[in-house]
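With the hints as constraints, model all of the structure from the sequences given.
Protein chains in written order, with the working numbering: chain Y, 1 to 183; chain W, 184 to 408.
Calculated directly from the structure, the hints in this document are not laboratory data.
Heads up, some of the hints might be wrong.
As the list claims (entries may be wrong) - Example chain Y residues on the side facing chain W (calculated, C-beta under 8 Å, incomplete): (1) ALA11; (2) ALA38; (3) VAL42; (4) ASN81; (5) MET128; (6) ARG129; (7) ALA130; (8) PRO134; (9) ARG172; (10) ARG175.
What the hints assert, rightly or not - Pairs of lysine to any residue residues, derived as SDA-like cross-links and limited to a Cα-Cα distance of at most 25 Å, are as follows: (11) LYS164(Y) - PRO132(Y); (12) LYS322(W) - SER5(Y); (13) LYS173(Y) - ARG212(W); (14) LYS322(W) - PHE60(Y); (15) LYS164(Y) - CYS208(W); (16) LYS322(W) - GLY237(W).
Please read these numbers as outputs of a predicted model, since none were measured by experiment.
The C-beta atom is built at its ideal place from N, Cα and C for all residues, glycine as well.
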Amino acid sequence: MWEVSDEALFAGYASGDPEAAAQFVDRFQRRVFGLALAIVRVPVDAEEVAQEAFVRAWRFAASFDERRGSVAAWLLGITRNVALDSVRGRGRRPEPVGDPVPDLAVDPLDVAAAIERRADARRVAELMRALPDPQRRALVAVTLWGLSTREVSEMAGIPQGTVKTRVRLALRKLRDEMGAPIS
Amino acid sequence: MGPDVALGLLTGEERAVALAHLEACAACRAEVASLAGVADELLLTGPEATPPEGFDRRVMARLTEVRAREAPRSTRRTGPAHLRRRRRARRPDRRRLAVGATLGAAAAAVVLVAALVANGDATPAPTAEQADMTTGVGKVVGTATVHSGNPATVAVDVPGWEDAVPEDATYWLAVEMEDGSRTMTHIGTDATWWKVPLQSGAGDVASVSVLDGDGWVWCSADFSA
Chain Y
1 MWEVSDEALF
11 AGYASGDPEA
21 AAQFVDRFQR
31 RVFGLALAIV
41 RVPVDAEEVA
51 QEAFVRAWRF
61 AASFDERRGS
71 VAAWLLGITR
81 NVALDSVRGR
91 GRRPEPVGDP
101 VPDLAVDPLD
111 VAAAIERRAD
121 ARRVAELMRA
131 LPDPQRRALV
141 AVTLWGLSTR
151 EVSEMAGIPQ
161 GTVKTRVRLA
171 LRKLRDEMGA
181 PIS
Chain W
184 MGPDVALGLL
194 TGEERAVALA
204 HLEACAACRA
214 EVASLAGVAD
224 ELLLTGPEAT
234 PPEGFDRRVM
244 ARLTEVRARE
254 APRSTRRTGP
264 AHLRRRRRAR
274 RPDRRRLAVG
284 ATLGAAAAAV
294 VLVAALVANG
304 DATPAPTAEQ
314 ADMTTGVGKV
324 VGTATVHSGN
334 PATVAVDVPG
344 WEDAVPEDAT
354 YWLAVEMEDG
364 SRTMTHIGTD
374 ATWWKVPLQS
384 GAGDVASVSV
394 LDGDGWVWCS
404 ADFSA
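The following block contains the structure:
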């Protein structure tokens, strides 16, 4: 069955087409809410974050540039920023409640394996798999789980400087492998 | 510094210093932009979770509320940057017509312009600028034409409108000007053509939209430069 591309759907969402908006939300809500929940850990807060992410995506639609990345990546980047703002506004993160979300004890490769079916994530998942394990874990912790390097340092029992170094090396390595998006 | 900025790992003070540097350093800006793009790509591998029941309805309701509050400024420039570029690239499709309508032939227009010049008449010839009315997914459903004159007017023609919308629905024709002001005119569902006068000049029109009762854009035409 023919499916509207993410970019075309987003164009409709941005312009206010109600049908496109409903489809856009339906298509991305699980990913947006999932990332929000991973970072803020409280379902009711995650919903607030996810709602705000969709609103900001509409509000700042004009800043999206497909030459710099996909709609999904851009939307999730917004979600992460909103979630981090939410977490920082409340100080330390609460302990997980309800359905547990993955933490550092979960091998991020499990996550990567689970999303193998997502075509848009396959490439970056493969590159992440090729990273040295300590670098990959540090990078996943600060990106997908939104932890600060201090939090990672405390949880992993390693110096904060070491965490920062691993994150920097990992991100640069991925960028070099992926080819730098245009600036 | 690049990865820390791209991942949002800096404290407020560190971030301020970094941003001050970035403002003056194109090389670092490019470095951060490339790393930020990769950081966003990483999020594609993130976990999925089913949101609470009714999440999508609440998002739509919130969007409707925000749009109603902010639409006058945001709809004019909304649309992904690449699509806005495409719209600009399609400019040649927009028809600028001189006097035209009653003359119907270029030769006759030339004769009229020549006559105006010969008479020293400084009054500019009335013009009409036309653009396609498109839905959010780019489907062309009609045209909007901005006529100069006194007063300037906007005419919108959406063939098939009667069949596309429910009879009892409420719709508005919104004309947004370059200064962000907007005039709303209620339109019925029993016609396919409307014409409204403008408060200011035809050249100041930024966009023409048909909105439903909740403020959602049904179709629109972009006249912004």
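Evaluation of the provided hints:
Of the supplied interface hints, the one on ALA11(Y) holds, with its beta-carbon coming within about 5 Å of a beta-carbon of chain W, less than 8 Å. Given hint, ALA38(Y) at the interface with chain W, holds; its Cβ is 5 Å from that chain's nearest Cβ, closer than 8 Å. Interface hint at VAL42(Y): violated, since its Cβ lies 12 Å from the closest Cβ of chain W, which is beyond the 8 Å cut-off. Against a cut-off of 8 Å between C-beta atoms, the interface hint on ASN81(Y) holds, since the closest Cβ of chain W lies about 7 Å away.
Look at MET128(Y): its Cβ gets to within about 7 Å of chain W, closer than 8 Å, so that hint holds up. A least Cβ separation of about 10 Å between ARG129(Y) and chain W goes past the 8 Å threshold, and the interface hint is therefore violated. For ALA130(Y), the suggested interface contact is broken, since its CB lies about 13 Å from the closest CB of chain W, more than 8 Å. For PRO134(Y), the interface hint is violated, the least distance from its beta-carbon to any beta-carbon of chain W being 15 Å, above 8 Å.
Residue-level restraint check for ARG172(Y) holds (minimum Cβ-Cβ distance to chain W is 7 Å; threshold 8 Å). Checking ARG175(Y) against chain W by beta carbon gives a least distance of about 4 Å; that is within 8 Å, so the hint holds. With a C-alpha separation of about 15 Å, the suggested pairing of LYS164(Y) with PRO132(Y) holds against the 25 Å cut-off. Between the alpha carbons of LYS322(W) and SER5(Y) the distance comes to roughly 15 Å, so the proposed pair stays at or under 25 Å and holds.
Restraint check for LYS173(Y) and ARG212(W): the C-alpha separation of about 18 Å stays at or below 25 Å, so the hint holds. The straight-line distance between the Cα atoms of LYS322(W) and PHE60(Y) is roughly 23 Å, inside the 25 Å bound, and the hint therefore holds. Proximity of LYS164(Y) to CYS208(W) is assessed by CA-CA distance (about 23 Å); at most 25 Å being required, the pair is judged to hold. Of the supplied pair hints, the one linking LYS322(W) and GLY237(W) is violated, its CA atoms being roughly 30 Å apart against a limit of 25 Å.
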